[in-house]
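Got chain A sorted already, so can you dock chain B onto it with the hints?
Chains as they are written, first to last, in the numbering used here: chain A, 477 to 742; chain B, 477 to 742.
Rather than coming from a laboratory, the hints here were simulated on the basis of the structure.
Hints may be right or wrong, so weigh each one.
Repeated chains share a single entry, so a pair holds when one copy, or any two copies, can fit it.
As the list claims (entries may be wrong) - Once the Cα atoms are required to be at most 30 Å apart in a straight line, the calculated DSS-like pairs of lysine-lysine come out as:
#	residue 1	residue 2
1	K579	K509
2	K661	K640
3	K732	K640
4	K683	K738
5	K732	K662
6	K578	K504
7	K683	K509
8	K566	K489
9	K489	K738
10	K683	K732
11	K661	K566
12	K590	K566
Since this is a predicted model, take the numbers as computed values, not measurements.
Protein chains: 2
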Amino acid sequence: MLIVGELINSSRKPIAQAIEARDEAFLKDLAVKQVEAGANLVDVNCAVALDREPEVMEWLVGIIQEVVNVPLCIDSPNAAALEAGLARHKGKAMINSITGEKKRLEGTLPLVVKYKPWVVALCMDDAGMPNSAEDRIRVADNLVSALVEAGVPEEDIYLDPLIKPVGVSATAGIEVLEATRALRKKYPKVHVICGLTNISHGLPVRKVLNRAFAVMCVEAGMDAFIVDPLDRHLMSLLVAARALAGQDQNCLQYIKAARAGKLVAE
Amino acid sequence: MLIVGELINSSRKPIAQAIEARDEAFLKDLAVKQVEAGANLVDVNCAVALDREPEVMEWLVGIIQEVVNVPLCIDSPNAAALEAGLARHKGKAMINSITGEKKRLEGTLPLVVKYKPWVVALCMDDAGMPNSAEDRIRVADNLVSALVEAGVPEEDIYLDPLIKPVGVSATAGIEVLEATRALRKKYPKVHVICGLTNISHGLPVRKVLNRAFAVMCVEAGMDAFIVDPLDRHLMSLLVAARALAGQDQNCLQYIKAARAGKLVAE
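Next comes chain A alone, as it looks inside the complex (with noise of 0.2 Å):
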């Protein structure tokens, strides 16, 4: 399992403003609490810097991996912000993300042919977005193809199948868990990833929810996720869950992570 540490994002206000004041310690700090707490990528983003985020990027990418050891999930739907960071990513990169609209699918390609990162492909297209399992699947089913095509294996694919609120659709939940079930099923070596916390949108005390649906996703099969990885109930649940969906054999990975005092149950 993957986990994608997803706390340096300037849609957060601490992170936006560290960003504007350029705060490296505070960054730094954050991008290394989340690697000792489990994650194996960290993302970033920096939307809030508009028209200078591709500079800022560049920045960011670079302070982050002075002193952290994992790849950086580099996020943005802007291609001129994606090239800056990964012309500054030292090694293998992920970027967040690809959609299959025609205009943002052309101009990310070439990075992605240039630069080999993992991808993170959204399942929407220029329809918008997807209101159905079979919505999604058909939308993959082009980004696989147009991702094949352009040479990247099937194993550096991480499809999204985008979360909606279930406060505005008492489906949102269950289309997504059918979504993730059937493309594994057609598709096993590519992943399915996705950000949990838009099934909670509007709701109260949305980590529940979030940590509710993140163990569903576990046993439909999703194998990567953007997450909070100082949660550390969500994470007790993660391992928890691959043991219960038959993923962890004789639960090693859950006694170790118990061992190391990892598991919380309160």
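Relative to the frame of chain A, chain B by itself:
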């Protein structure tokens, strides 16, 4: 969703002691606390009493019904103890449990006909513990047939797929989820119930595994749980799981629970 509070069970040492000492105040308090925490029924088990189990069960049912207004779940493999509890119980009770074992079924079916309780039916028979989803479905078919033939409405049947420790078999969780999905599809009116704790038997930080498995079970269609209702994290995750599984239109129950301060994240 039906919650059966599991705490008054003499396999737990403080309960065994309280039963031995006929400590009414302690047992009554535990019943009240479970109902306040959301239990829809309260399980009563006094297997510790051995050959005096019937008389102790009669006493236990009597004192607990003095303080709670919910039905009790009379929990014993012993037909004489079940009958003593049923005879003493005011209103419709639940019994836990019958099985497909020929002798046990023959012993308990007359009680079911006479007292018309809700019936927890364990998916095991004289062939022993089930080893696959198919085993469970085969036994469930026999149990549902026998109960319906005896005049039990399908709505009164709670099939328990029987949970084995995931530390012993990596597929222990998956088998139960698969059986639950199949049983809910085959018998839409019949309920599926389980006691969660066996899943984590022998493993550390058991509550984390129990909670994650509860979430998966809800998604698979399980609609009744024999659990510790004082575990607020578990109860919170169950409410969230219902919303995520599309069983809580507009998340109204979720929002209501949040407003009542019943959902905990930390």
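Each hint tested on the structure:
{"no.": "1", "hint": "K579 - K509", "result": "neither (37 Å within a copy, 60 Å between copies)"}
{"no.": "2", "hint": "K661 - K640", "result": "both (23 Å within a copy, 27 Å between copies)"}
{"no.": "3", "hint": "K732 - K640", "result": "between (34 Å within a copy, 21 Å between copies)"}
{"no.": "4", "hint": "K683 - K738", "result": "both (18 Å within a copy, 14 Å between copies)"}
{"no.": "5", "hint": "K732 - K662", "result": "neither (32 Å within a copy, 40 Å between copies)"}
{"no.": "6", "hint": "K578 - K504", "result": "neither (36 Å within a copy, 66 Å between copies)"}
{"no.": "7", "hint": "K683 - K509", "result": "both (19 Å within a copy, 26 Å between copies)"}
{"no.": "8", "hint": "K566 - K489", "result": "within (28 Å within a copy, 58 Å between copies)"}
{"no.": "9", "hint": "K489 - K738", "result": "both (28 Å within a copy, 29 Å between copies)"}
{"no.": "10", "hint": "K683 - K732", "result": "both (25 Å within a copy, 16 Å between copies)"}
{"no.": "11", "hint": "K661 - K566", "result": "neither (34 Å within a copy, 52 Å between copies)"}
{"no.": "12", "hint": "K590 - K566", "result": "within (14 Å within a copy, 75 Å between copies)"}
Taken one by one, the earlier hints fail for this structure at numbers 1, 5, 6 and 11, listed in ascending order.
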